[in-house]
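Start from the sequences and build out the full structure, keeping to the hints where you can.
Using full-length UniProt numbering, you'd call the opening residue of the first sequence number 1 and step up by one each time.
None of these hints come from the bench; they were simulated from the model. Note that this is a predicted model, so its numbers are computed, not measured. Treat the hints with care, since some could be wrong.
Unchecked claim - Within a straight-line C-alpha distance of at most 30 Å, the following computed DSS-like cross-link-like pairs (lysine-lysine) qualify:
#1 Lys406 with Lys210
#2 Lys261 with Lys425
#3 Lys238 with Lys425
#4 Lys406 with Lys380
#5 Lys210 with Lys159
#6 Lys245 with Lys220
#7 Lys220 with Lys398
#8 Lys210 with Lys176
#9 Lys220 with Lys210
#10 Lys371 with Lys238
#11 Lys159 with Lys126
Stated by the list, open to error - Restraint ranges, calculated between C-beta atoms of paired labels, are given here:
#12 Val192 with Pro366: 19 to 27 Å
#13 Phe390 with Glu246: 14 to 22 Å
#14 Ser249 with Gln186: 51 to 59 Å
#15 Gln186 with Gly56: 17 to 25 Å
Glycine included, each C-beta is placed from N, C-alpha and C at the ideal position.
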Amino acid sequence: MNLTEELQRRFGYTEFRPGQQEVIEHVLEGRDTIAVLPTGMGKSLCYQLPGYLMNGSVLIVSPLVSLMEDQVAQMRKNGEKRVVALNSFLSYSEREKVIRQLDHFKFIFVSPEMLSRRTVVDYFRKLQLALIVVDEAHCISQWGFDFRPDYLRLGDFLKIIDRPPILALTATADQKVMFDIPYYLQMRSPVVERQSLDRKNICYSVIRLKSSIEKMAWIKNRVSTTTGPGIIYTSSRKRSDELAKELQSIGVSCQSYHAGKEQDDRSIIQSQFYNGELDWICATNAFGMGIHIGNIRQVIHEHMPSTVADYSQEVGRAGRDGLPSVATLLYMQSDEQLTSFIIQTDIPKEEQVRYYNNLLIDGMAPEEAAKLAGLSETGKRVIDYYMERFEVVEIIEKLLSLAEEKNTELQTMLSLIVTTNCIRKNILSYFGEESNLKIPQCCSNCSLPEMEWLTVEKPSMNKHAIMTWDERITKLLG
DNA sequence: CGCACTAGTTATAAAACTAGTGCGGTGCTTTATT
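Quick look at the structure:
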């Protein structure tokens with residue numbers, strides 16, 4: 001079979017992007033496959049094309065319902081009718097209907113939570129599956145242990161069905177992720193297809209300041225002298241709101257985005273940004289996954305993220321169009337303390353685990369016991385997962401080492417900020433890659449022509465601003 | 001843990017201190033009773 005012909009016939013492309021063909025070949029051979037491809041490299045083609053060439057349905061595990069809806073809409077637009085997202089967007093009767101005729105669909109999107117439900121699993125057992133895809137598979141590591149334990153339960157589902165090959169897709173692959181994916185997905189000698197995660201068109205910069213007032217002044221100046229579109233990441237919802245308000249007050253087209261906003265507002269803001277009606281977004285880490293905007297020129301971190309993996313995901317949203325883009329991280333002393341609090345606070349403490357366990361033994365209802373033990377909703381769900389398979393002593397040990405691990409990751413992130421060595425090299429080596437490539441606009445530690453980048457002037461507040469910026473940087477690279 | 005904010009104190013009028021308090025990220029899922 002000629003894959004390129006199939007690609008041409010079904011998708012209208014004349015050639016594959018790097019890595020795609022290899023991934024597709026492995027999948028068609030029936031191998032479990034881990035595909036590490038940088039963002040914007042056409043990951044969805046890696047399951048859509050083989051899906052058409054195989055018998056049975058393709059099950060795609062996706063982390064966000066909004067992402068599923070986008071992908072379903074996209075595929076329908078391209079003429080595929082046999083595609084559905086099985087999630088809480090559906091009413092009870094709609095869901096029943098979909099479930100009863102699952103085999104009518106070629107592509108089925110689900111959340112990991114859905115796959116933990118007994119009734120749902122029973123329907124999937126009867127279905128002939130050609131392929132199981134875990135999209136954004138780093139979520140297993142990133143969310144599984146302390147936020148969405150159903151990511152760790154995927155293995156349970158895979159154990160009880162007659163399982164087809166599994167394809168894990170991600171753009172983030174540090175050591176831990178590369179260990180967790182095959183382990184929790186129970187892969188059988190998986191092939192790893194890996195492309196370089198280096199984003200040569202992104203220039204990395206770290207700037208040290210003395211206070212959050214200085215940060216605000218810096219951002220105001222940056223935003224009014226350079227063009228977007230851009231994302232400003234903060235570490236709290238409140239800060240996002242404040243920053244957006246402040247920027248609006250000096251005439252910048254800007255909105256804040258975080259999980260505290262209504263879902264409707266979130267999609268409106270997202271589509272405004274997408275359509276170029278909004279130059280800047282001030283956001284928490286809620287803004288990111290599933291954002292496919294090509295021309296983001298800048299990503300500014302008003303506050304540091306908690307891991308290098310998070311950082312590289314966030315800055316990776318810049319410059320998907322391949323044009324020069326800038327990532328700037330603002331740091332002031334002891335910024336890591338807030339980050340530390342945030343990542344540690346939701347991990348249940350030893351006393352809580354013991355108390356919760358004792359209350360359960362006494363026969364108290366789990367919800368009430370969790371409340372008394374001072375466990376958050378998330379905390380309870382996490383502990384419930386661990387209690388299904390470990391003794392209390394083991395759980396406490398695991399949670400302790402999780403807290404330690406998180407702290408180590410934060411320290412690694414911090415060392416990226418304070419290093420005097422090449423930032424790009426540091427990021428790449430975190431992902432196990434080496435790079436000796438000299439790039440003219442590499443990072444703030446590599447004799448960057450930083451002033452040239454920083455003085456790109458914003459000519460006016462109109463739509464042509466984006467064009468001018470692009471022209472300018474193209475000229476800069478000369 | 002540390003920052004921002006508030007209420008109370010001081011000592012006789014306004015402002016400057018102090019102690020206490022609150023806050024801090026990611027998302028899936030809810031089919032049943034008065």
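* Which hints, by number, does the structure contradict? -> 2, 3, 5, 7, 8, 12, 13
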